[in-house]
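K.L.:
Hey, can you work out the whole structure from these sequences and the hints?
Number of protein chains: 4
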Amino acid sequence: MDATMPTAEELKDLTIPTLGKLELPSTLSLTSDHFVDDSHQIILYANQKQAEASVPAGAAQPRFELAGPRAKLFFDPKKINCGIVTCGGLCPGLNDVIRTITLSLHWQYGVKKVWGFRFGYQGLSSQRRGDPLELSAELVDGLQHKGGTLLGSSRGHQDVGDMVDTLQKYDVSILFVIGGDGTFAGGHALAREIKKRKLAISVIGVPKTIDNDIVCSEVTFGYSTAIEEGRKAIRSAHEEAISAYNGIGLVKLMGRDSGFIAASAALANSDTNFCLVPEVPFQLDGPNGFLTRMEKRLARKRHAVVVMAEGAGQELIKGPDKKDASGNVKNKDIGLFLRQAIEADFKKKNIPFTIRYIDPSYMIRSCPANARDSIFCLLLGQNAVHAGLAGKTDMFVGYWNHHFTHVPLSVAVGRRKKINPVGMLWQTLLLMTD
Amino acid sequence: MDATMPTAEELKDLTIPTLGKLELPSTLSLTSDHFVDDSHQIILYANQKQAEASVPAGAAQPRFELAGPRAKLFFDPKKINCGIVTCGGLCPGLNDVIRTITLSLHWQYGVKKVWGFRFGYQGLSSQRRGDPLELSAELVDGLQHKGGTLLGSSRGHQDVGDMVDTLQKYDVSILFVIGGDGTFAGGHALAREIKKRKLAISVIGVPKTIDNDIVCSEVTFGYSTAIEEGRKAIRSAHEEAISAYNGIGLVKLMGRDSGFIAASAALANSDTNFCLVPEVPFQLDGPNGFLTRMEKRLARKRHAVVVMAEGAGQELIKGPDKKDASGNVKNKDIGLFLRQAIEADFKKKNIPFTIRYIDPSYMIRSCPANARDSIFCLLLGQNAVHAGLAGKTDMFVGYWNHHFTHVPLSVAVGRRKKINPVGMLWQTLLLMTD
Amino acid sequence: MDATMPTAEELKDLTIPTLGKLELPSTLSLTSDHFVDDSHQIILYANQKQAEASVPAGAAQPRFELAGPRAKLFFDPKKINCGIVTCGGLCPGLNDVIRTITLSLHWQYGVKKVWGFRFGYQGLSSQRRGDPLELSAELVDGLQHKGGTLLGSSRGHQDVGDMVDTLQKYDVSILFVIGGDGTFAGGHALAREIKKRKLAISVIGVPKTIDNDIVCSEVTFGYSTAIEEGRKAIRSAHEEAISAYNGIGLVKLMGRDSGFIAASAALANSDTNFCLVPEVPFQLDGPNGFLTRMEKRLARKRHAVVVMAEGAGQELIKGPDKKDASGNVKNKDIGLFLRQAIEADFKKKNIPFTIRYIDPSYMIRSCPANARDSIFCLLLGQNAVHAGLAGKTDMFVGYWNHHFTHVPLSVAVGRRKKINPVGMLWQTLLLMTD
Amino acid sequence: MDATMPTAEELKDLTIPTLGKLELPSTLSLTSDHFVDDSHQIILYANQKQAEASVPAGAAQPRFELAGPRAKLFFDPKKINCGIVTCGGLCPGLNDVIRTITLSLHWQYGVKKVWGFRFGYQGLSSQRRGDPLELSAELVDGLQHKGGTLLGSSRGHQDVGDMVDTLQKYDVSILFVIGGDGTFAGGHALAREIKKRKLAISVIGVPKTIDNDIVCSEVTFGYSTAIEEGRKAIRSAHEEAISAYNGIGLVKLMGRDSGFIAASAALANSDTNFCLVPEVPFQLDGPNGFLTRMEKRLARKRHAVVVMAEGAGQELIKGPDKKDASGNVKNKDIGLFLRQAIEADFKKKNIPFTIRYIDPSYMIRSCPANARDSIFCLLLGQNAVHAGLAGKTDMFVGYWNHHFTHVPLSVAVGRRKKINPVGMLWQTLLLMTD
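Residue numbers (numbering that gives the first Met the number 0), protein chains in the order written: chain A, 0 to 433; chain B, 0 to 433; chain C, 0 to 433; chain D, 0 to 433.
Wrong hints could be hidden among the right ones.
Copies of one chain are not kept apart here, so a pair can be met inside one copy or by any two copies together.
[What the hints assert, rightly or not] Using 30 Å as the maximum straight-line C-alpha spacing, the simulated DSBU-like pairs for lysine-lysine come out as follows: (1) K329 x K317; (2) K331 x K348; (3) K112 x K295; (4) K300 x K168; (5) K78 x K417; (6) K78 x K195; (7) K300 x K322; (8) K112 x K331; (9) K231 x K48; (10) K111 x K417; (11) K11 x K168; (12) K331 x K347; (13) K77 x K168; (14) K322 x K348; (15) K346 x K112; (16) K168 x K417; (17) K11 x K197; (18) K300 x K78; (19) K112 x K417; (20) K348 x K321; (21) K348 x K317; (22) K317 x K331; (23) K347 x K322; (24) K348 x K295.
The hints are simulated quantities; they were obtained by calculation from the structure and are not laboratory data.
P.N.:
Structure representation (structure tokens):
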């Protein structure tokens with residue numbers, strides 16, 4: 000209820016493509032009870048009333064395939080190479096995922112060679128800079144305690160045919176793509192090209208979005224760490240604000256299209272007075288506008304803390320759009336905009352104030368994962384490996400109703416999970432702020 | 000799947016008692032979409048195959064009432080007093096819950112007086128030490144950044160009639176009891192006595208178990224912080240172990256009956272070699288016993304890390320049982336036991352070794368909540384207040400399939416959630432250790 | 000040797016003014032051995048060769064009076080009020096100093112009333128906003144765990160006569176001014192005005208400069224915490240840099256005129272490649288300039304980390320000077336300047352790169368003090384109180400050769416301690432970087 | 000003044016032995032101003048009054064040789080091998096020292112081979128387990144972020160002749176021994192045997208004592224980190240104590256013979272009520288004994304925090320002495336003793352109470368160094384390398400009056416630095432506690 004839900008209509012086809020039948024026995028030393036088959040499925044709506052409202056009468060609820068180890072495999076682990084690539088901005092837990100996939104492939108399944116392609120999809124193109132890393136247990140030792148990504152990353156698209164050529168050159172049978180919706184669009188294109196060429200190469204997505212905006216996954220890795228670190232920045236802003244007369248602390252957190260980090264960190268901190276997210280537009284001027292509310296707040300308490308998602312208030316900021324290497328429209332700086340707007344307004348009204356603007360984004364993105372994210376990454380990576388060995392493809396590992404699931408890549412392309420303004424997260428925040 | 004599930008049979012009656020009809024309008028400034036009514040219900044099994052296997056054909060799945068603000072109330076907030084009591088051992092987040100309940104009652108609903116009874120149920124008895132605290136916004140300011148409990152706590156039972164007398168003396172309409180299954184047994188007894196006396200007093204439980212062992216709640220507050228801090232202790236044990244020849248690091252973590260903290264912290268850390276929990280008995284001696292496996296591990300790697308839940312291996316330790324003030328059997332010290340067993344065995348075999356035993360329990364219990372737990376506490380406290388004002392009673396706020404729920408107190412009494420040995424958590428741990 | 004030393008000539012008069020004779024017995028419960036008298040003096044040069052080179056033959060070395068409790072007092076603690084004021088930017092430890100001075104005055108000496116003037120020297124002017132706080136043990140309870148300043152702060156000068164009027168109005172006998180060299184200039188002016196009016200009011204300075212740039216004090220509070228936190232920011236920059244092809248991480252740390260924080264945090268982190276401080280000018284262009292060295296470094300290692308003091312490279316940046324409320328010239332943003340310079344240069348040369356600029360200043364300034372700073376603040380505050388009760392005035396508490404000392408305020412006015420480019424700190428840094 | 004000072008008589012010979020004349024030019028790229036020669040000397044007493052009281056009239060003060068790079072060397076770096084060994088218990092910063100010595104030898108001086116002997120002096124004996132590690136820049140990369148010691152450690156003595164044989168076998172010209180006074184006794188014995196054999200092998204000590212008890216060094220590495228972490232444990236004890244009626248929190252910290260960590264962490268935390276150290280014996284019983292004072296404290300405040308050095312109160316505890324592998328008498332557990340004494344006494348007197356005992360020692364010893372300790376380790380390691388290359392021997396690098404110094408190993412053997420009970424540290428603590 001915190002997030003907008005995908006509709007039953009949008010999810011009418013949740014079938015996961017497979018490369019072929021499962022005929023080889025698993026190499027995992029598990030009790031037989033632990034193996035999972037495709038008949039285990041997780042329903043979309045745990046809330047029965049939502050189900051009734053959203054699913055046409057007589058129709059079944061959309062269901063996700065349950066992730067987990069399969070008793071039979073498609074690939075013979077001892078005969079294949081695998082590849083890993085990390086794309087987009089840094090996110091706590093990237094190294095945990097790389098480490099888990101590597102160790103699970105080597106130790107649990109017995110795969111001999113795992114290639115780490117360098118610097119994002121660029122590492123799969125013929126224009127790549129240097130050879131892929133050969134990932135070993137030694138190389139990933141202790142990696143779970145480090146931020147960043149061992150493989151390097153980059154933004155931007157590459158030629159799909161060229162990338163499939165590279166996969167063939169390195170004889171890769173399973174490619175793990177770790178990234179967000181843009182990366183998944185690339186992964187989906189790869190899977191289509193692979194199908195066209197009739198190759199047996201599996202493409203498995205691991206959702207990486209610090210913003211927590213991938214649809215059909217209740218949570219993504221790095222998000223919990225981001226809230227933890229974001230809370231610290233808000234606490235700093237609060238200390239700065241209360242240490243000055245009419246002190247104002249501004250904190251900008253990640254969240255291009257979805258304000259989950261800002262809203263959650265603001266809740267966790269509980270000292271926030273204004274929270275601004277892309278999903279809920281606001282007015283700057285007028286009797287109910289931000290500036291008037293700020294003025295009233297200061298008159299009442301002599302300090303204020305504002306937490307902004309980077310994508311908040313974009314409609315208020317003038318100027319030409321710029322795009323990054325991935326083609327995303329770059330956000331204009333809402334923090335600078337608000338600071339200038341407050342300065343101009345308060346100077347005009349002759350209200351004394353002190354303002355501090357904190358942007359901790361790179362310090363948060365580069366953190367090692369906290370314990371919860373480390374566990375999540377470990378289970379995510381394991382389930383990605385299980386799916387790949389079972390010959391699943393063109394899918395990513397999601398998390399829904401407390402279970403790991405398989406979701407078609409296409410579902411996440413061109414859609415984003417957003418805060419539900421009438422859901423519990425946002426409504427609770429409204430009750431706690433100002 | 001990580002935990003054993005309650006059976007459909009056990010949960011056949013999930014009806015929440017209410018004190019009367021909802022006739023008063025809510026004082027909450029919410030959009031009408033945000034109010035929830037009892038027709039919203041969360042199903043027990045999101046995994047459809049589990050549902051089919053567990054629910055008799057033709058029968059409906061067990062469902063939990065959805066928590067949340069009600070548009071109509073039973074109590075008139077302006078006319079009532081409320082009370083809060085915290086029981087049992089410390090747990091990160093206790094102060095967050097106290098703060099949220101206090102602020103939600105005062106600010107959102109307009110309740111005038113909130114009593115904080117001191118030192119657990121003792122504070123409700125006529126033998127109490129000192130008067131209850133009157134909780135105000137000033138008193139709970141910044142409380143979310145502090146460990147411990149502002150109200151104090153204690154273990155042990157009190158006379159039920161005597162406690163209801165105190166509630167009447169202080170004219171309490173809603174009592175929030177924050178504690179574990181023992182505390183909930185007390186709360187359930189209170190609710191029965193209240194019913195017998197035909198009083199309109201609501202008893203709302205907020206589950207507090209650092210061990211995460213309350214049934215019908217996927218997770219409880221403090222558990223996430225405990226894993227974070229437990230991971231640090233394991234890392235220390237690992238540094239000690241690798242810095243000595245045949246170095247052994249032992250870490251004992253909380254978990255009287257359920258090994259969730261030990262298993263999760265071991266997963267999060269990823270340097271653990273042996274994880275021992277109450278749910279999975281183990282042998283000390285013999286060719287497949289712990290001592291032989293330890294010997295082999297050292298021969299291979301020259302160091303080892305062992306993580307134990309405090310309730311692990313109790314069947315191996317001789318000596319008379321002791322009980323604490325709440326009547327729980329006190330665990331014998333598995334860490335000392337294992338240290339002595341290893342020392343005796345290795346000296347006999349003339350194997351050199353260095354052993355370090357770390358017990359960080361009190362340092363973990365007294366931590367402030369991490370961001371995730373703070374958010375969870377805040378939502379938990381809010382939902383407890385919503386339930387109380389709506390006249391619900393003899394229930395606690397649970398968390399199931401990503402929704403907050405209402406669960407009868409009786410469900411949690413005398414039962415504990417445990418690790419499912421064939422579930423994903425334990426099976427993944429087996430794959431990652433030794 | 001890390002810092003430039005004041006000359007013997009500059010320190011020829013280190014006499015501390017006193018308000019009168021010490022005639023009242025101390026109220027401290029100390030062993031007699033612990034009392035200190037003015038005959039205890041700390042020499043300037045512990046390095047005998049420096050002493051020989053700097054002090055004229057036959058002349059005595061400059062010596063600082065030793066700080067500490069005096070057996071006899073000038074003021075009768077039970078009859079006086081005291082005041083505290085905090086000025087300038089935030090610095091970890093401000094609250095520790097406020098707490099220690101308050102508790103030492105109340106508990107150890109028995110002073111009845113301690114006024115906390117709000118928002119810097121503004122709180123001493125007749126234009127002040129609101130009354131001073133009356134500081135009590137309850138109010139400062141737990142304050143050592145919080146960043147910021149309970150009293151609030153501000154920059155800027157106030158009329159000296161007006162401030163002395165306020166001191167008289169509140170009947171203040173000892174004023175503790177916590178701030179940097181600008182604040183000490185104000186304190187020195189207060190002391191002169193007090194002397195002119197023939198009042199018995201003591202002015203005691205407590206040096207607060209996160210930059211560690213007060214002369215005649217080897218170290219100041221907050222500096223150790225700043226290095227700890229600065230190191231974290233550098234680590235983030237390093238993770239960002241190594242995760243991109245030709246990744247460059249820029250970190251700007253505090254240090255308007257003195258680069259101690261930047262240099263020390265760079266040493267502590269040990270992953271820094273370039274450290275830029277105000278004391279050591281550098282070239283941007285040319286064969287030995289920064290841009291060429293950066294290009295070579297990237298060609299060699301594919302990533303680089305740059306740590307800058309905020310006052311570094313000011314001579315390279317064009318544009319008009321601005322001043323802050325205290326009249327200090329505001330630094331132009333060396334981080335933005337370098338980022339633009341690198342971008343322009345590398346685009347011209349067609350070198351691909353990714354650059355991240357981190358400015359953690361407000362997050363560092365608002366931290367609670369680390370343990371070392373907390374201890375330092377406690378001893379500093381205690382010694383400030385001892386000095387005040389003994390009727391010392393127009394002085395601050397310094398730290399020299401491992402002893403707390405008394406130093407005339409005038410010594411610190413208009414001078415700053417700077418990195419010694421031929422000293423151990425800078426030379427070691429040169430050996431460890433690039 | 001915090002610590003007892005060595006007497007001038009004890010330090011009458013501070014001459015550092017050298018292996019021969021300095022004839023080779025340094026390979027360091029330093030400005031000539033940065034080189035140091037033996038005429039730079041640091042005086043013992045910066046407090047002039049102490050000097051007058053302690054040094055016989057007409058005699059010169061004892062002086063320590065200043066550490067630092069020499070313009071001329073004894074060894075040709077390109078022709079020698081060096082060795083490093085770490086002994087005794089873990090201490091934050093061990094890896095920093097190993098890393099700095101390795102990098103300084105390789106990069107700054109051009110030494111080709113650096114041997115890391117494994118598991119303490121055992122690694123120098125013919126009974127050693129496995130070969131020494133060859134230390135390279137790759138192997139020590141990132142080591143400054145990790146606790147423990149890469150080389151492993153052990154306690155206990157080895158045959159001196161046997162160890163010198165090993166040094167000859169590996170053709171070691173400079174051996175760096177990192178350890179405490181026991182390790183230095185071993186190093187001193189090595190230096191004597193080397194002299195007897197007329198070998199040109201330098202033995203340079205790097206003081207490692209988390210207890211901060213090496214004489215003639217104001218501070219040692221790891222001590223600052225230990226205080227930081229110790230403070231956290233005390234805070235936990237405080238939260239536990241205030242959350243119970245008559246709650247008592249006991250914390251045992253390191254400090255076999257010297258209570259610096261306990262006293263400093265207690266000061267840093269400021270919530271401590273009783274601090275017990277080996278230097279200041281106390282009574283358990285009687286009207287002024289610990290038990291009575293505890294009873295009074297509880298009656299007044301209903302909670303208490305006790306911080307103990309592990310060596311405190313040994314004279315009160317009955318039972319036979321045990322020794323560790325190094326021959327040190329093992330401390331009896333003062334924490335258990337006090338807990339039992341309080342339990343027995345309070346039960347007898349029928350006083351209700353709750354007691355929690357926290358022993359965080361291994362969690363502290365295994366931490367990575369904080370920023371201050373990292374810097375200290377770096378400068379210490381650099382100066383040890385400078386001394387070794389200059390042919391100094393049988394000495395360790397100390398820190399005195401804010402300068403790094405050379406001190407004969409013999410000075411530290413059989414003596415320990417202790418808290419001065421009439422000094423500022425202890426007297427301030429007395430003022431702040433109870």
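K.L.:
Hint by hint, say whether it matches the structure.
P.N.:
How the hints compare with the structure:
1. K329 x K317: The answer is both: 13 Å in one copy and 28 Å across copies each meet 30 Å.
2. K331 x K348: Both: 27 Å inside a chain and 28 Å across chains, each within 30 Å.
3. K112 x K295: between (63 Å within a copy, 28 Å between copies)
4. K300 x K168: Between. Shortest inter-copy distance 27 Å satisfies the 30 Å Cα cut-off; intra-copy 65 Å does not.
5. K78 x K417: Close neither inside one copy (42 Å) nor across copies (39 Å); limit 30 Å.
6. K78 x K195: within (23 Å within a copy, 64 Å between copies)
7. K300 x K322: between (40 Å within a copy, 29 Å between copies)
8. K112 x K331: neither (44 Å within a copy, 47 Å between copies)
9. K231 x K48: neither (38 Å within a copy, 43 Å between copies)
10. K111 x K417: This pair counts as neither: shortest intra-copy Cα distance 41 Å, inter-copy 37 Å.
11. K11 x K168: The answer is neither: 37 Å in one copy and 59 Å across copies each exceed 30 Å.
12. K331 x K347: Close inside one copy (25 Å) and across copies (26 Å); limit 30 Å.
13. K77 x K168: within (19 Å within a copy, 45 Å between copies)
14. K322 x K348: Classified as between; 22 Å across copies, 37 Å inside a copy.
15. K346 x K112: neither (64 Å within a copy, 38 Å between copies)
16. K168 x K417: Result: close neither inside a copy nor across copies, 40 Å intra and 49 Å inter.
17. K11 x K197: This pair counts as within: shortest intra-copy Cα distance 26 Å, inter-copy 52 Å.
18. K300 x K78: between (68 Å within a copy, 28 Å between copies)
19. K112 x K417: Classified as neither: same-chain Cα gap 39 Å, cross-chain 38 Å, threshold 30 Å.
20. K348 x K321: Intra 34 Å, inter 23 Å, cutoff 30 Å: inter-copy only.
21. K348 x K317: Result: close within a single copy only, 24 Å intra versus 32 Å inter.
22. K317 x K331: both (9 Å within a copy, 26 Å between copies)
23. K347 x K322: between (35 Å within a copy, 21 Å between copies)
24. K348 x K295: within (13 Å within a copy, 53 Å between copies)
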